[in-house]
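Protein chains: 2
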Amino acid sequence: MPARFDLGAKPHLGYTASALDRATELRQDKAAIAALEADAGARAFLLSGELVALHKGALQHDPIFTFAEAGALAPCSDRIFLGLRAGAPLFAILIDAEAAEALKRHDDLLVTDLRSIATGGLVAAEYLPPLAQSKAVVGWHARHRFCAKCGAPTEPAQAGWRRDCFVCGTEHFPRIDPVVIMLAIAGERCLLGRQPRFARGQWSCLAGYIEPGETIEEAVRRETFEEAGIKCGRVVYFASQPWPFPMSLMIGCHAEALTTELAVDRAELEDARWFERDEVAAMMLRRHPDGLIVTHPVAIAHHIIRAWLESESTV
Amino acid sequence: MPARFDLGAKPHLGYTASALDRATELRQDKAAIAALEADAGARAFLLSGELVALHKGALQHDPIFTFAEAGALAPCSDRIFLGLRAGAPLFAILIDAEAAEALKRHDDLLVTDLRSIATGGLVAAEYLPPLAQSKAVVGWHARHRFCAKCGAPTEPAQAGWRRDCFVCGTEHFPRIDPVVIMLAIAGERCLLGRQPRFARGQWSCLAGYIEPGETIEEAVRRETFEEAGIKCGRVVYFASQPWPFPMSLMIGCHAEALTTELAVDRAELEDARWFERDEVAAMMLRRHPDGLIVTHPVAIAHHIIRAWLESESTV
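Protein chains in written order, with numbering that gives the first Met the number 0: chain A, 0 to 314; chain B, 0 to 314.
What the hints contain is simulated information worked out from the structure, not anything from laboratory work.
On a predicted model such as this, the values are computed, not experimentally measured, just so you know.
Please note that a few of the clues may not be correct.
The list treats identical chains as interchangeable, and a pair is accepted whether it falls inside one copy or across any two copies.
Result set (DSSO-like, lysine-lysine): computed pairs, CA atoms no more than 30 Å apart in a straight line [to be verified]:
{"#": "1", "residue 1": "Lys-148", "residue 2": "Lys-29"}
{"#": "2", "residue 1": "Lys-230", "residue 2": "Lys-29"}
{"#": "3", "residue 1": "Lys-103", "residue 2": "Lys-148"}
{"#": "4", "residue 1": "Lys-55", "residue 2": "Lys-103"}
Turn these sequences into a full structure, and let the hints steer you where they fit.
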């Protein structure tokens with residue numbers, strides 16, 4: 000590997016650095032999966048759509064259930080083998096929306112969404128990556144109960160990692176949508192945008208789905224031009240992050256802006272503008288005079304912006 | 000952008016560097032699309048599954064048809080707006096398999112697959128990126144005629160860039176599967192593998208689909224360990240390439256091998272082994288005494304390997 004490729008240490012991004020061994024070779028082995036489910040050490044997360052069930056704790060909450068606990072709380076609709084956690088099998092148990100709502104009435108449980116869990120630090124950090132993994136796969140099952148090729152109902156297979164159509168024989172695998180998320184840089188300024196759904200005062204990187212027939216770099220240039228009218232030259236990959244809302248892979252980049260005159264697409268963005276380095280530093284430190292802030296550190300956008308702030312040189 | 004992020008010039012990869020303006024804002028505008036279709040300058044590719052129709056030429060062939068030519072040759076089942084080519088609208092016209100077979104009987108046409116077109120240099124280089132774009136979207140339509148959520152038939156929308164379900168209201172967008180493709184490096188050696196479907200003597204990078212809940216870097220480490228038993232540390236992004244066979248995005252990386260003892264997964268690979276730098280150079284130049292070769296330059300694997308060969312330093 001050429002030494003010039005060394006980008007140095009990467010930040011720790013939310014939902015990454017999973018300690019789980021996915022043990023993917025076991026998925027096809029029904030007997031092995033059954034044995035793991037029967038294992039006294041088997042544990043599971045309990046999920047339904049956006050919701051995750053947690054045992055309430057004093058400081059942090061606990062997302063881990065035994066199969067007996069889970070079975071007593073709600074009927075299981077799907078079960079996904081996530082992998083081995085220090086040798087012990089970990090599953091995601093999918094329950095239906097009604098059952099999840101009913102769990103909210105249990106005083107010893109907290110039933111909330113993954114974003115709140117991550118940004119609030121509600122569980123130990125080690126659980127965030129497998130919870131993200133669970134949410135993405137559980138969400139994929141919920142949206143893919145039928146065969147896109149022939150319309151027939153499909154059945155889960157491979158311990159929850161495939162859905163099979165028994166009419167036309169198609170095997171369907173979990174879908175991931177690759178998304179570019181980028182910071183365009185012009186001298187000492189960077190380009191940030193605001194989506195209408197953002198919290199008051201929050202600004203972030205621009206982002207968009209990669210299209211068929213595009214590279215990462217081409218998607219960065221196209222999206223930056225479409226959303227803000229800015230043409231970009233050089234594009235440099237920074238880091239990636241799984242983003243299970245519902246099933247994206249965020250691919251973070253820095254981009255060299257070749258133009259600076261903005262033409263904001265108001266259908267996509269509430270606003271976009273250039274920010275000076277000092278202003279972004281104040282936003283990062285939550286000391287901006289107008290209360291402007293950047294995205295929470297759980298999201299890669301925060302780290303893309305921070306890496307630029309912390310760099311000494313510019314494009 | 001930090002100067003240390005500068006990876007220098009990237010190679011030209013097959014199917015990349017499209018000269019097309021996708022003009023995505025027009026897709027939602029039915030009147031605009033109808034006007035583009037009626038434009039005297041409108042042109043189209045003619046595709047069916049793996050097959051592309053070309054006008055035969057003396058040196059290179061021509062994939063461009065007028066709407067009148069296309070209509071006279073075969074009935075159109077779907078039409079996709081690809082974008083503007085030097086201001087003129089370009090479409091992909093999908094014809095059915097039977098019609099494509101019938102075109103093979105026309106003496107003035109060559110009907111062949113995109114791989115053969117790309118590796119054989121059968122058309123001008125500028126056409127490869129929009130042909131890749133076409134093949135990916137056309138293939139997506141063919142495999143997504145029904146709603147994965149409710150099973151009802153879906154209808155094309157947004158000039159071919161969306162399929163809508165009128166029963167449950169779900170909007171479906173083209174799917175892209177992100178794939179990691181990597182070269183693990185241990186000192187002066189790199190790890191190459193052979194899939195059973197490879198041409199005789201051909202070796203390439205290992206590769207695999209990114210899973211939900213994984214980063215690019217985590218997927219590189221998991222796949223390299225699963226397929227070859229090698230643990231990797233540092234992973235460095237190299238470049239990306241759309242790969243419409245059927246709908247992948249190849250994400251190329253170099254990886255630092257932390258171990259060297261191989262445990263090849265024979266279900267995935269015919270073989271995998273370490274290659275010395277000199278041997279790989281001979282393969283790249285097609286001068287290997289046993290006739291071993293690396294992947295064709297149309298694929299990113301070739302360039303991932305070449306970048307390592309051309310680098311002076313190692314991990």
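Evaluation of the provided hints:
Within a single copy, Lys-148 and Lys-29 get their C-alpha atoms as close as 26 Å, and across copies as close as 26 Å, so both meet the 30 Å cut-off. For the identical chains of this complex, Lys-230 and Lys-29 are inter-copy neighbours only, at 27 Å across copies versus 52 Å inside a copy, given an alpha-carbon limit of 30 Å. Taking CA atoms no more than 30 Å apart as the test, Lys-103 paired with Lys-148 passes between copies only; the shortest distance there is 27 Å, against 38 Å inside one copy. For the homomeric pair Lys-55 and Lys-103, the shortest alpha-carbon distance inside one copy (12 Å) is at most 30 Å, but the shortest distance between copies (68 Å) is not.
In summary, the structure agrees with every hint in the numbered list given earlier.
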